[in-house]
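A.B. asks: Just need the whole structure built from these sequences, with the hints factored in.
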Amino acid sequence: MNASDGVSSALAALPTLPRDDEGPVFAEPWQAQAFAIVLRLHEKGAFTWPEWAETLSREITRAQQAGDPDTGETYYLHWLAALEQIVAEKGLTSIPDLHARRDAWERAALATPHGELIVLGN
Amino acid sequence: MSDHSHDHDHSHLTNTELRVRALESILVEKGYVDPEALNLLVDTYEKKVGPKNGARVVAKAWSDSEFLDWLRRDASAAIGSLGYTGRQGEDMIVKENTPAIHNMVVCTLCSCYPWPVLGLPPVWYKSAPYRSRAVNDPRGVLSEFGVTLPEDTEIRVWDSTAELRYLVIPMRLEGTDGMNEDDLAALVTRDSMIGTGLALDPGEARKQGLLA
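Quick mapping for you: the protein sequence lines, in order, are chains A and B. Under my numbering, the letters of the first sequence match residues 1 to 122, in that order. Under my numbering, the letters of the second sequence match residues 1 to 212, in that order.
Derived from the structure by calculation, the hints contain no laboratory data. Do not rely on the hints blindly, as some may be mistaken.
No farther apart than 25 Å at their CA atoms in a straight line, the calculated lysine-lysine pairs in the PhoX-like style are these [said to hold, decoys possible]:
(1) B/Lys52 x B/Lys95
(2) B/Lys30 x A/Lys44
(3) B/Lys52 x A/Lys90
(4) A/Lys90 x A/Lys44
(5) B/Lys52 x B/Lys207
The calculated label-pair distances, taken between Cβ atoms and stated as ranges, are [claimed, not checked]:
(6) B/Leu40 x A/Ala111: 27 to 37 Å
(7) A/Gly45 x B/Ser65: 55 to 65 Å
(8) A/Ser57 x B/Ser25: 22 to 32 Å
(9) B/Glu151 x A/Ser94: 21 to 31 Å
(10) A/Lys90 x B/Glu151: 57 to 67 Å
(11) A/Pro69 x B/Thr148: 50 to 60 Å
Positions of the beta carbon are idealized from the N, C-alpha and C atoms, including for glycine.
C.D. replies: Quick look at the structure:
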């Protein structure tokens, strides 16, 4: 672990984060990617940690009310949904832009033979 | 995730992966995050995730010939018996390194990696130079990882697919007789299970603080 003490204590403030003694654990690469984006945006001052914690807990509460069993498997789905919300709220991008870009990546993936690197623009 | 398709003719990303890519590419373009910093963060966490699972598999294969036989026949089931199962129904195959044959695994898509046993793929594994050079110049790639093999060792490079994931069983080194599975597992590095490294000898493992 070379995360700073600040990050460690910030993470400790998120009690349901899947983790072991050494830090967060991920089941799939996209989870680590989404995790890293939040940490980096926070480091760059895009939002405060309390703002992030609140957005995330709001998203988790919303999911629980919608029947999410909250067993930990869905944690990073909530994390991702919260991340999309906070970047839109902070004006870094917009939900329609995110949707359009998601569709562009899907077109690119479908147009890319298996085994080749997927790039935008085709 | 569970909606992963197994198409052969084009690439597939799940809806979740697409959303993450959309976020990342927009934020990178606008300069809010830089890809190197993201890679560094991912790199920080990737090492501790899964490789310990794969090391347990290898240590057991070294110690238990029945388990090794099972791995050879049906690696998915043998590995599953230790509690490590994939979410996408992918099949595992083990490749055993010997003095005559050294196996190395490459994948051209980052999703084709045996996460349940090896955790997150390292950044270099996903890089274009590794993907192309591992196929064209495996010896050159190995030497960059500090691995030099005898001239007469044949190097076989295996390309993972969405359906098939490989786990390399590195050679068990001399001087490890009588070690128990826990200690043996400490000798098994992530890279040795991709084939870009060798198992550690016990002295080296002690130096790195991996072994008491």
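A.B. asks: Decide, hint by hint, whether the structure agrees.
C.D. replies: Verification of the hints:
{"no.": "1", "hint": "B/Lys52 x B/Lys95", "result": "18 Å, holds"}
{"no.": "2", "hint": "B/Lys30 x A/Lys44", "result": "13 Å, holds"}
{"no.": "3", "hint": "B/Lys52 x A/Lys90", "result": "39 Å, violated"}
{"no.": "4", "hint": "A/Lys90 x A/Lys44", "result": "13 Å, holds"}
{"no.": "5", "hint": "B/Lys52 x B/Lys207", "result": "19 Å, holds"}
{"no.": "6", "hint": "B/Leu40 x A/Ala111: 27 to 37 Å", "result": "31 Å, holds"}
{"no.": "7", "hint": "A/Gly45 x B/Ser65: 55 to 65 Å", "result": "58 Å, holds"}
{"no.": "8", "hint": "A/Ser57 x B/Ser25: 22 to 32 Å", "result": "27 Å, holds"}
{"no.": "9", "hint": "B/Glu151 x A/Ser94: 21 to 31 Å", "result": "59 Å, violated"}
{"no.": "10", "hint": "A/Lys90 x B/Glu151: 57 to 67 Å", "result": "58 Å, holds"}
{"no.": "11", "hint": "A/Pro69 x B/Thr148: 50 to 60 Å", "result": "52 Å, holds"}
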